[in-house]
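Quick mapping for you: the protein sequence lines, in order, are chains H and U. According to my numbering, the first sequence is numbered sequentially starting from 1. According to my numbering, the second sequence is numbered sequentially starting from 1001.
Do not rely on the hints blindly, as some may be mistaken.
To be verified - Below, a sample of chain U positions facing chain H; criterion: calculated Cβ distance under 7 Å:
hint, residue
1, 1007
2, 1096
3, 1326
4, 1330
5, 1333
To be verified - Here are the in silico distance ranges between beta carbons for each label pair:
hint, chain 1, residue 1, chain 2, residue 2, range
6, U, 1421, H, 16, 47 to 57 Å
7, H, 163, U, 1001, 28 to 38 Å
8, U, 1001, H, 68, 18 to 28 Å
9, H, 17, U, 1017, 40 to 50 Å
10, H, 167, U, 1479, 51 to 61 Å
11, U, 1337, H, 166, 13 to 23 Å
12, H, 3, U, 1090, 32 to 42 Å
13, H, 16, U, 1478, 14 to 24 Å
14, U, 1435, H, 16, 51 to 61 Å
Simulated from the structure, these hints should not be mistaken for laboratory data. It should be emphasised that the depicted structure is a prediction, and the values quoted were computed from it without experimental measurement. Think of the CB as a built atom: it goes at the ideal place given N, C-alpha and C, for glycine as much as any other residue.
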Amino acid sequence: MPEALLAIGHLRVDFPDVVAVNDLSLEVCGGDVYGLIGPNGAGKTTTMRAACGLQEWTHGTVSVAGRDLARESRMARQLLGFMPDYSPVYDQLTATEFLDHFARAYGVANRAARIAECLELTWLTEKSRALCEGLSRGMKQRLLLAKTLLPDPRVLFLDEPASGLDPLGRIELRKLILQLRDGGRAILISSHILSEMSEFCNKAGIMERGRLVASGTIAELGRQIGQRRMLVKWRAAGANGLEMLKQTAGVKNVSTVDDGASFDFEGGEDALDEVLRSLIGHGVRVTEWRSMGDDLEQIFLNSGAKALM
Amino acid sequence: MNLFENPIFLTERRLVHRGGVMAPIFLMLLIGLSMVVSLCYNLAVGEVAHVGSPTDLGKGYYAWLLVLQALVLMVGGFSRISRTLVEERRSGMLDSNRLTPLTSGELARGYWLGSPLREFYMAVSLMPVGLAIIAITRLPLGLWIGTQTLLFTTALLFGLLGVLAGMAMPRAQGGVGILAVLFITLPTMLAAGRFSLTNYLVPVYAAVHLFGVEPTGFEAKLWGPDANLFSVKMHPLMYTLGLQALLGILIWRGVKRKFGRPERPALLRWEVLTLFGLLLFAQYGLIWEWRGETTKPYDFPRLATVHIGALIAGLMIIASQVLNLEETRVGALRRGTAAMGGVMWRSGACTAVGLAVIAVAGLGTQFVLSAKRDIWAYLLADVNILIVFVTFAILLELCRLQFRRRAMGFFALGLFVLYALPFLLSGMLDASPLADFSFVTPGYLAVSRPELEDLPFLTKVTAVQCAITVALVYFWTTRWRRMLTRTVAAASTTPHPDPLPLRSEGM
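All chains, please: the whole structure from these sequences, using the hints.
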């Protein structure tokens, strides 16, 4: 099993009158992109801030690449990069000067080359001499991402990285995240754009009122939530197949698609096999049978967390 | 890390330069040049006779130049630093900087010396103007060196205070408020001459001494030649620089701590006790000599003024050290017990007792020669100090516990009832003894008029105030116990296998 670059154990953060994060444990290994999803106020940002050392926690452990954040904070901070969901920049500095500030602070070797590299990675080379105050919100987000990448951190915390980005920017961001993932970094990311997170997260956790209610690979999550969306296609079954599905135990939300139907299923693998057998037994000529699968949005909606939004 | 490699300093310098520095420098040079031209004109047309001598005229011009430099460096520098930090804290920029491997000291140094650079350039551009005035009017060069040294050391101290204020204040305008209070109280402080500690910190007395002013009559007593600390003569420049250095060290420690953990108080308990002790003994040391020179054995009105000043300083310190409700609650959660020991030890009441002991010892220095005669008045003042400090701390913590967000309103109401209402009632009902029930009255009267005939009555009043204090402590304890029990009970369902210590230094 690969080494966990980020390990959070039993983390608890207390705010006045509310437990912002409660007994949260998770591990993110190198090459993993872990998506933290949940409604507003679920504790995603607080978890990230605590895991970076910006928010004091009540108890728990945070370890970054084997360094205990509480005891070896300086070493641990050199190994992590945090991109907040807001855009704090020095308005009167150019993009290059802003990055130079952080390159010096992190003690980056060969600063000019690294700054140019990060600007290119975040598609800001053309704006390298522009003052930060003149950058759009999306560009400021990219600049912050460049700042986060400067010290080449092994663990990345990206809080709503796509907010403010245009569609093209989002596509580029997705590519960059996959590139970073392939480079062996551990990435913890939170976003409200769940459909996009599905495309690069291989693990996810659902937060609800400070607790991590489900965690694992996307497939595991679906099982933990206890529901999955299935797609069945048939030849000339018509109303017969639809009617049959609606009367089957565990099948919900049946809807028609071209030459077939999709439905939510609650139950184990055996029960699902039984549904297929029953369809075939009733003369339905099934041509396709599969899980609609790894859809974070569906998992999130099924988790019940949406009720808190 | 070398200052010129410090990224915070370099960025602040870049921001200052980008904002423009030449116009303010030229403005200062223009003002300075006008002063030199005016001086030369007055020397040429014979205005000297009106003033006294060319050196007297030069002193007048140079004094105004110093005032201008002081305003730019201290007022401008302080507000610039505090505003920069408040803005960066609110924007999240400070958090980004805190996440880098820079140490708390490096962060603090960058802001402290970097953000007021424009003001520094402005003050420095006036230095050659001062030198020109000194040269034209043949004033001693020592005056220029001494006053400029004092100016810049004081600016550094004010700058450190600006960093502390910027890390603690919720809004940028707070710095202006602090300066406004300073300037409102400045005339009163100035009137006390070399007997007021503030005139060393600011540092008016050392500057007056360097100017070689020779006052006569009553003024001579106020602005005489040497500073006396418990009758030990000290050079005012040395006294000022020594005091500023000691204060600077304590404040620097607080600043570094604040960058490490912004949500925590800047100074530890032993540091605030040291700070209070340092200020108090320096102040009592200064009025010791005055007391000996009067025809009366003691100059009690002056002692009473210092006593009230000590109370105000103590209360300000307690307000900054009062127990943080949330921190204590989290502490109880970490320990998993509702034990009151930690609350008692970390409470502002505990700090209040420590401060009271120091205040009592400080006051004792003024009664040591008349202990036999004035012991009753001294003891009464001692008990009063303890009551004032402890009730203030307990009342504040109790209001925070009970009323949370509305705490400050109820706290102000409590203070009004304890301190001001007796005076109000005494005026309205024409019954002066009622004023004695104010929590500050017995101590003030005992210190200002120790031969007082109504000491027995004041003793009874003090006994009543003691009873009120005990009742407050009882309510405070009960309320804390209830809150901690509830907190721990609510958390008992949550496992917390690793009761971690707080984040380590630097986070």
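Taking the hints in turn, this is what the structure says about them:
no.: 1; hint: 1007; verdict: holds (4 Å)
no.: 2; hint: 1096; verdict: holds (6 Å)
no.: 3; hint: 1326; verdict: holds (5 Å)
no.: 4; hint: 1330; verdict: holds (5 Å)
no.: 5; hint: 1333; verdict: holds (5 Å)
no.: 6; hint: U:1421 / H:16: 47 to 57 Å; verdict: violated (32 Å)
no.: 7; hint: H:163 / U:1001: 28 to 38 Å; verdict: holds (35 Å)
no.: 8; hint: U:1001 / H:68: 18 to 28 Å; verdict: holds (25 Å)
no.: 9; hint: H:17 / U:1017: 40 to 50 Å; verdict: holds (46 Å)
no.: 10; hint: H:167 / U:1479: 51 to 61 Å; verdict: holds (56 Å)
no.: 11; hint: U:1337 / H:166: 13 to 23 Å; verdict: violated (54 Å)
no.: 12; hint: H:3 / U:1090: 32 to 42 Å; verdict: holds (38 Å)
no.: 13; hint: H:16 / U:1478: 14 to 24 Å; verdict: holds (21 Å)
no.: 14; hint: U:1435 / H:16: 51 to 61 Å; verdict: violated (40 Å)
Hint check: violations occur at hints 6, 11 and 14; the rest are consistent with the structure.
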